[in-house]
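Colleague: Take any residue in the sequence shown, note its place counting from 1, add 157, and you have its number in the numbering used here.
Just so you know, these hints were derived from the structure itself, not from any lab. Predicted model only: the values in this text are computed from it and were never measured. Heads up, some of the hints might be wrong.
DSS-like, lysine-lysine: derived pairs with alpha carbons at most 25 Å apart [unchecked claim]:
{"no.": "1", "residue 1": "K321", "residue 2": "K304"}
{"no.": "2", "residue 1": "K321", "residue 2": "K277"}
{"no.": "3", "residue 1": "K304", "residue 2": "K282"}
{"no.": "4", "residue 1": "K304", "residue 2": "K277"}
{"no.": "5", "residue 1": "K321", "residue 2": "K282"}
The following label-pair restraints were derived from C-beta to C-beta distances [said to hold, decoys possible]:
{"no.": "6", "residue 1": "T268", "residue 2": "V175", "range": "17 to 27 Å"}
{"no.": "7", "residue 1": "V334", "residue 2": "Y167", "range": "26 to 36 Å"}
{"no.": "8", "residue 1": "L329", "residue 2": "R158", "range": "20 to 30 Å"}
{"no.": "9", "residue 1": "K304", "residue 2": "V215", "range": "43 to 53 Å"}
{"no.": "10", "residue 1": "E201", "residue 2": "D227", "range": "22 to 32 Å"}
{"no.": "11", "residue 1": "K321", "residue 2": "N161", "range": "18 to 28 Å"}
{"no.": "12", "residue 1": "P294", "residue 2": "F159", "range": "31 to 41 Å"}
{"no.": "13", "residue 1": "I223", "residue 2": "T292", "range": "24 to 34 Å"}
{"no.": "14", "residue 1": "E166", "residue 2": "F190", "range": "18 to 28 Å"}
{"no.": "15", "residue 1": "V211", "residue 2": "L329", "range": "30 to 40 Å"}
{"no.": "16", "residue 1": "N288", "residue 2": "V193", "range": "33 to 43 Å"}
C-beta: ideal position from N, C-alpha, C; glycine also.
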Amino acid sequence: RFVNSELFEYYYNPVSSVPLPLVADGDTCVISFAGVNSFAVKEEYSSVEGDPSVDTIVGFRVSFTITSPDLSTVNISNIHLYYPPGFLQFLFDDALGGEAVARRTCNISETACSDTFYEKNCYNKVDECVNDVMTLPRTDGDNIDGKTMGCRTLHADFASVNDKHCPHISFLPEYDVNCFLKCQETANNVLADAFHPM
């Protein structure tokens with residue numbers, strides 16, 4: 158959903174993702190894919206001078222268990238994404254780090270998440286929200302899961318179609334329906350935690 162949002166001029170895979178060998182550890186199976194993604198941020202949202210486009214390596218690691226004897230049903234327990242070091246900083250700090258992106262996030266908050274916008278954060282107008290969002294760091298280094306503008310940029314797109322994501326774009330801490338508090342404190346995830354040999 159995010160990569161298909163209005164923020165991007167295009168986002169596609171010029172090369173098919175390559176599956177890596179399947180690994181099994183007890184009941185859990187893990188399959189990984191590697192590929193290349195190409196994208197360009199629309200000029201009106203980009204804070205980069207010149208061409209805001211890039212090609213980058215991307216990896217996926219999916220952990221799952223087979224839950225039916227005929228192998229037709231699986232339960233996916235984790236999906237991890239890999240981007241090279243510095244990529245998330247480039248995307249959310251540089252390419253999507255400006256006021257137009259903050260305003261888009263706040264407009265979504267006001268229209269799709271009015272309880273979060275008006276009651277929880279006590280905003281009267283979008284400019285108040287934009288001022289708060291612009292004070293946030295864009296990323297947490299190579300993470301965006303903490304109290305960052307990048308986390309809100311990502312979750313605003315989800316909140317525009319699913320109000321269960323509204324708490325994630327709140328400036329003030331707000332628990333979601335699953336009692337998770339997102340976009341408030343980074344977990345400081347390290348690539349080696351998700352992408353290690355089994």
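Colleague: Of all the hints numbered above, which does this structure not satisfy? Sort the numbers upward.
Modeller: Going through the list in order, the structure violates hints 6, 9, 10, 12, 13 and respects the others.
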